[in-house]
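Start from the sequences, fold in the hints, and give me the full structure.
There are 2 protein chains.
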Amino acid sequence: MIAEILSTGDEIRSGAVIDSNSAYIAQKLEDSGIPVSRHNCTGDDIYSLVSVLTDIGKRADIAVVTGGLGPTADDRTAEAAGKAGNVQIELNNGALNSIKAFFKTRNRSMRDSDNKQAMLPKNSECIYNLAGTAPGFAMKIGNALFFFLPGVPSEMYKMFSDSVLPQIQKLQGKDKFYCITKTISSFGLTEAATGEMLSDLTGLFPDIKLGLRAIFPEIHVKLYANGKNKKKIDLDLANATRAILQKIGEKVFSTDESSMEAVIGNLLQRSKTTVAVAESCTGGLIAHRLTNISGSSDYFLFSGVTYSNKAKETVLGVSSAILKQYGAVHEKTAKEMAERARRIAKATYGIATSGIAGPAGGTKDKPVGTVCIGIATPETSKSYRYHFPFSERLKNKTIFATTALDLLRRTILNIEQKIIF
Amino acid sequence: MIAEILSTGDEIRSGAVIDSNSAYIAQKLEDSGIPVSRHNCTGDDIYSLVSVLTDIGKRADIAVVTGGLGPTADDRTAEAAGKAGNVQIELNNGALNSIKAFFKTRNRSMRDSDNKQAMLPKNSECIYNLAGTAPGFAMKIGNALFFFLPGVPSEMYKMFSDSVLPQIQKLQGKDKFYCITKTISSFGLTEAATGEMLSDLTGLFPDIKLGLRAIFPEIHVKLYANGKNKKKIDLDLANATRAILQKIGEKVFSTDESSMEAVIGNLLQRSKTTVAVAESCTGGLIAHRLTNISGSSDYFLFSGVTYSNKAKETVLGVSSAILKQYGAVHEKTAKEMAERARRIAKATYGIATSGIAGPAGGTKDKPVGTVCIGIATPETSKSYRYHFPFSERLKNKTIFATTALDLLRRTILNIEQKIIF
Chain A
2 MIAEILSTGD EIRSGAVIDS NSAYIAQKLE DSGIPVSRHN CTGDDIYSLV
52 SVLTDIGKRA DIAVVTGGLG PTADDRTAEA AGKAGNVQIE LNNGALNSIK
102 AFFKTRNRSM RDSDNKQAML PKNSECIYNL AGTAPGFAMK IGNALFFFLP
152 GVPSEMYKMF SDSVLPQIQK LQGKDKFYCI TKTISSFGLT EAATGEMLSD
202 LTGLFPDIKL GLRAIFPEIH VKLYANGKNK KKIDLDLANA TRAILQKIGE
252 KVFSTDESSM EAVIGNLLQR SKTTVAVAES CTGGLIAHRL TNISGSSDYF
302 LFSGVTYSNK AKETVLGVSS AILKQYGAVH EKTAKEMAER ARRIAKATYG
352 IATSGIAGPA GGTKDKPVGT VCIGIATPET SKSYRYHFPF SERLKNKTIF
402 ATTALDLLRR TILNIEQKII F
Chain B
2 MIAEILSTGD EIRSGAVIDS NSAYIAQKLE DSGIPVSRHN CTGDDIYSLV
52 SVLTDIGKRA DIAVVTGGLG PTADDRTAEA AGKAGNVQIE LNNGALNSIK
102 AFFKTRNRSM RDSDNKQAML PKNSECIYNL AGTAPGFAMK IGNALFFFLP
152 GVPSEMYKMF SDSVLPQIQK LQGKDKFYCI TKTISSFGLT EAATGEMLSD
202 LTGLFPDIKL GLRAIFPEIH VKLYANGKNK KKIDLDLANA TRAILQKIGE
252 KVFSTDESSM EAVIGNLLQR SKTTVAVAES CTGGLIAHRL TNISGSSDYF
302 LFSGVTYSNK AKETVLGVSS AILKQYGAVH EKTAKEMAER ARRIAKATYG
352 IATSGIAGPA GGTKDKPVGT VCIGIATPET SKSYRYHFPF SERLKNKTIF
402 ATTALDLLRR TILNIEQKII F
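Protein sequence lines, in the order shown, are assigned to chains A and B.
Quick note on our numbering: the first sequence kicks off at 2 and runs consecutively.
Quick note on our numbering: the second sequence kicks off at 2 and runs consecutively.
It should be emphasised that the hints constitute simulated quantities derived from the structure, not laboratory data.
Here the structure is a predicted model, which is why all the values come from computation and not from measurement.
One or more hints might be untrue.
Just so you know, same-sequence chains aren't split out, so a pair can sit in one copy or run between any two.
[As the list claims (entries may be wrong)] Subject to a maximum C-alpha distance of 20 angstroms in a straight line, what follows is the list of computed SDA-like cross-link-like pairs (lysine to any residue):
no. : residue 1 : residue 2
1   : K325      : S298
2   : K117      : L97
3   : K210      : P72
4   : K101      : E192
5   : K347      : T315
6   : K347      : G318
Structure follows, in structure tokens:
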């Protein structure tokens, strides 16, 4: 069973919006053992829509289409599906009920334009939408069974998990084929260096496809394995993971897709310790990432985003003498900031950043990409200076924050940090 | 001249990574007046690659392909291009020079695996890569001129702007066709309500296509116009923009694609005023967004990310009596936090958030999605309570932060805030 994905809409075709739906659907299909062969995207133009739907109907067994089901005039997917499948469009009672039910739960009244969303190809099967107004539908075009879903991610996610995936899995029957992906997340090496260090692994594990993915500034090693024998796949993946950890283990922070901040949250929670932060150049990004984890209020106490020197003095109590002598971007200042944040919040650990995110503000001694990171523990405090070869502001904020978080992780685990960029 | 885009790689095909390259390329092509008809994506499998390249060669005049040019074994795009174009792969001296030049600038030594990247289809034209190791190349397959670029975004961006776009523009010659998109960014209405309020505009401006795009929690109204007469397009767009502002103007924060934080930065900079923040539930996101703008150190002074009540007391000086009587999530507390942040940093404005981002922590009185936002100015201070119907943590952090930023924007401009979600 081979699947294709189609996302529709001029906003995606023209690049105004990045298509994240296709990745979501692909991942879910692959996790269920349905290989995805192609993604496609076209605009709201009816001729293009019909032509792409017809092409996919010739190649795929299953297709998932997103977008173009809404109430406005440029939502023409149902019409195109009808044309590609040679059937009329008509009022679908299931769809009308889905729309009515949604408005009832939200205590909102239905508009005339909402009725349009119940006009579906004849004999298509309505897919209820409990999270929004546009119902989906399923129908056959050519050889493929198509599932049409709205483009709004939250609605699409729910309909895909609740209705589409169970139906596809039923079609798979006993002939279950497994496609399993394992991710090993690392930080501190370039993609090329990681590739070089893992170059002999392909020969050792011929049934596993190895791919590297740079999700700046991290490098994720992806292992893809598939087949009908789940036990063999699991064993192969476990062996390959072990081999990778032997090669680049000291740069690896997770082997289960956990983010850096989730790993740190887990470590702090298990050891019943806490953290406070003082941020200059990262501008709140460290706090934002730490607090993205549900339950972070157990261990994250405070971040002082002290952008101005005045705030560094008033809020953190960094001495004006240090700021005058060394400047804001210095190991001494970063160390003092970390100590102060730790003490103010009565936290186990304190971390601090001060640097030049750019694109302006660099000097010869402290070029854009320079960051000083301080860390304070109950026993000691240290600080480090790094220089990264980037000039983009958000890129620098991101790598500064990741470096600081990784330093915290390594401090908790007592492992040294070496970064090569 | 019609263009298609192809992104390659198992990590995109399988959904492990979201494809942002295609949106970037589509936008640049459309801005140059080259309509993009389709995006395609397939994996690293040589058979699929050859088949998609051949398909595109039959349909398009121009194609831009990303990914699969790197040093590792799963990088097979050059090989596939050769097969689809019926030519051999051979060592390309231009490509070898590009790789050597890159390593020289970085003071790094070339690895054996890097040589593979210089093996390109015969007679293809090398596209230099100054930002990474993998060179690109251009060649004809079928009717289309293909440009092959690496998948690493920063490298691709540079090569596309410096080499590919100028070459395409030369091909266009005098027959220039304009595709212009205008974006009107709003916050405070749902997509459906916005659509309803703008429903009669399509009839008024028949040459403009209107689309709505929900970039949570904002709604962007997109106007697409194209043709050969740039003056007419510009006039149509200006008239349509005016008509939209008459309908939903009070929710619009920008008409030039500026982000909310850029708009605020501009307002603060022009009025030589400053802001300080106290964040509980937004966890640093407001500070992160404000400091994403280059030059923000001119007006952003401080954010106290006071997650614990202790930090609210120690750092901000919120009285324990208020915290005890009203709790952390309350209008009184948010107002006090905003006043304190403003005073500590000696800022013109203070804003503060306290709420329940979820998914846990909600109560009957203060369910998940509740946020209290305080704002302090030199004259007065106020606070508001909102409740949003979302349970996802990041979604709530995002809408809380946008609501607070919009409140700041409206306070500076002296416009009332009304949000309907």
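Hint check:
1. K325 with S298: Classified as between; 18 angstroms across copies, 35 angstroms inside a copy.
2. K117 with L97: For K117 and L97, only the intra-copy Cα distance (9 angstroms) is at most 20 angstroms; the inter-copy one is 58 angstroms.
3. K210 with P72: Only across copies: K210 and P72 sit 15 angstroms apart there, 44 angstroms inside one copy, limit 20 angstroms.
4. K101 with E192: between (52 angstroms within a copy, 18 angstroms between copies)
5. K347 with T315: For K347 and T315, the Cα distance is within 20 angstroms both inside one copy (18 angstroms) and across copies (10 angstroms).
6. K347 with G318: both (15 angstroms within a copy, 16 angstroms between copies)
Taken one by one, the earlier hints all hold for this structure without exception.
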